[in-house]
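*Asks:* Chain residues, written in single-letter form:
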Amino acid sequence: MDNSIKRKLKAIFRGIEISTEKNGRLVISVPMDSTGDVLKSLKDQGYIHLALISCVDWIDKEKLELVYILSSYSENDHIILKTNIPRKKLDFRTVIDIFENAEPYEREIHELFGIDFKGHPRQIPLFLERDYEIPPFRKDFDTRKYVKEYFDEIPFVKEDK
Amino acid sequence: MDRNVLTKWFKQPQKMGNKYSLWAVYFCTGCGIIEVPPVITTRWDAERFGVIPVGSPRQANLFLITGYVSLKTLKAIIRTYEQMPEPKYTVGFGSCPINGGMYWDSYNTIKHLDKYIPVDGWIAGCMPRPEAIFIAVTHLWTLIDKEMANGYKKYREKYTYYRKNQERALGKLAWPPLYNINKRNG
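Protein chains in written order, with the working numbering: chain A, 1 to 161; chain B, 162 to 347.
Calculated directly from the structure, the hints in this document are not laboratory data. Check before you lean on any hint, since a few could be wrong.
Derived coverage of chain A by chain B (criterion: at least 3 residues anywhere in the stretch with Cβ under 8 Å from a Cβ of chain B; other residues may be distant) [unchecked claim]:
(1) 126-140
(2) 146-156
Here are the simulated lysine-lysine pairs, DSSO-like style, with alpha carbons at most 27 Å apart [claimed, not checked]:
(3) B:Lys333 x A:Lys145
(4) B:Lys233 x A:Lys139
(5) B:Lys319 x A:Lys158
(6) B:Lys315 x A:Lys82
(7) A:Lys148 x B:Lys333
(8) B:Lys276 x A:Lys158
(9) B:Lys233 x A:Lys158
(10) B:Lys233 x A:Lys145
(11) B:Lys276 x A:Lys148
(12) A:Lys10 x A:Lys63
(13) B:Lys276 x B:Lys325
(14) A:Lys22 x A:Lys10
(15) A:Lys158 x B:Lys325
(16) B:Lys236 x A:Lys145
(17) B:Lys169 x B:Lys314
(18) B:Lys233 x B:Lys169
(19) A:Lys88 x A:Lys139
(20) A:Lys88 x B:Lys236
(21) A:Lys158 x B:Lys169
(22) B:Lys325 x A:Lys145
(23) A:Lys145 x A:Lys118
(24) A:Lys43 x A:Lys8
(25) B:Lys333 x A:Lys158
A quick note: this is a predicted structure, and the numbers were derived from the prediction, not measured. Just so you know, even glycine gets a beta-carbon here, dropped at the ideal spot from N, CA and C.
Make the full structure from the sequences, and use the hints.
*Replies:* Following this line, the structure appears as structure tokens:
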């Protein structure tokens with residue numbers, strides 16, 4: 001079954017790399033522009049459940065990696081789809097039109113990594129209370145400096161003795 | 162009953178009543194709350210010590226902070242603490258409220274709880290055993306006897322400073338001050 005998906009995707013899309021993990025699971029690396037189309041075609045092939053969108057900051061390679069994990073009820077299998085976004089221009093398209101449950105995941109990634117999902121209906125804060133100059137899950141966010149500035153500066157309430 | 166205790170009961174019945182009926186707010190923060198169900202159920206039966214959980218802060222006088230305190234939780238903690246009637250006692254449970262614990266460099270977790278509300282006692286450990294809650298409760302009895310568990314009095318006296326710290330951490334607060342704020346000191 002996996003081979004047929006492999007062949008189909010390779011025939012339709014250019015520039016995608018497909019590798020197989022030890023347990024036979026497919027890992028697909030996709031260029032930024034064709035992510036939506038690949039997701040759509042995978043959805044047509046039975047991978048109808050978007051289990052997770054995750055984000056990894058590869059600061060040395062100057063890019064952020066988005067990871068989509070799809071699962072299929074008919075195949076009883078997962079597919080991992082990865083795409084890279086350059087750190088200089090963090091724009092990407094939303095996939096809500098394909099998978100509706102992407103909304104909170106994208107909102108979270110927007111808040112914690114600062115990726116702007118074009119076409120997302122409400123990119124408003126989900127978890128955080130404060131404004132951060134750099135989104136806090138990025139590698140260049142200095143947590144120790146931040147803690148020193150904001151939490152350690154607050155003084156203890158002294159006791160009279 | 163010990164004869165000493167009997168005289169205490171006649172002298173200050175209200176204090177003794179408070180002491181032996183510490184009702185805890187059922188307020189869950191972080192992972193420490195997982196220790197509370199065995200404490201209040203038959204395995205360790207906290208009612209032997211007069212500790213029972215209550216759903217509303219209006220009937221409670223013991224506040225257990227059972228884990229890390231994020232900024233959003235801090236808001237809820239302050240509101241809950243201010244709703245409790247006096248006398249009220251706070252116990253920080255686990256190492257996270259003491260100094261941040263394993264969240265010492267986290268961007269969204271406060272490090273020292275006693276900067277924002279007064280804390281009468283700490284239970285160190287990650288996690289403390291359920292027995293530690295009873296040690297804390299019995300220790301709190303001693304403190305109440307010696308009039309040393311006076312965090313709520315401190316909160317009233319130093320409210321200006323506490324409120325200032327709370328505003329520094331959370332920005333502008335959505336609720337009015339509980340006590341008068343001394344503007345000259347603050």
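*Asks:* Hints first: check each against the structure and report whether it holds.
*Replies:* These are the hints, each one checked on the structure:
no.	hint	in the structure
1	126-140	holds (count 6)
2	146-156	holds (count 9)
3	B:Lys333 x A:Lys145	holds, 23 Å
4	B:Lys233 x A:Lys139	holds, 24 Å
5	B:Lys319 x A:Lys158	holds, 9 Å
6	B:Lys315 x A:Lys82	violated, 55 Å
7	A:Lys148 x B:Lys333	holds, 21 Å
8	B:Lys276 x A:Lys158	holds, 9 Å
9	B:Lys233 x A:Lys158	holds, 25 Å
10	B:Lys233 x A:Lys145	holds, 21 Å
11	B:Lys276 x A:Lys148	holds, 15 Å
12	A:Lys10 x A:Lys63	holds, 25 Å
13	B:Lys276 x B:Lys325	holds, 10 Å
14	A:Lys22 x A:Lys10	holds, 21 Å
15	A:Lys158 x B:Lys325	holds, 13 Å
16	B:Lys236 x A:Lys145	holds, 24 Å
17	B:Lys169 x B:Lys314	holds, 22 Å
18	B:Lys233 x B:Lys169	violated, 42 Å
19	A:Lys88 x A:Lys139	holds, 14 Å
20	A:Lys88 x B:Lys236	violated, 36 Å
21	A:Lys158 x B:Lys169	violated, 32 Å
22	B:Lys325 x A:Lys145	holds, 22 Å
23	A:Lys145 x A:Lys118	violated, 32 Å
24	A:Lys43 x A:Lys8	holds, 13 Å
25	B:Lys333 x A:Lys158	holds, 23 Å
Checked against the numbered hints listed earlier, the structure breaks hints 6, 18, 20, 21, 23; every other hint is satisfied.
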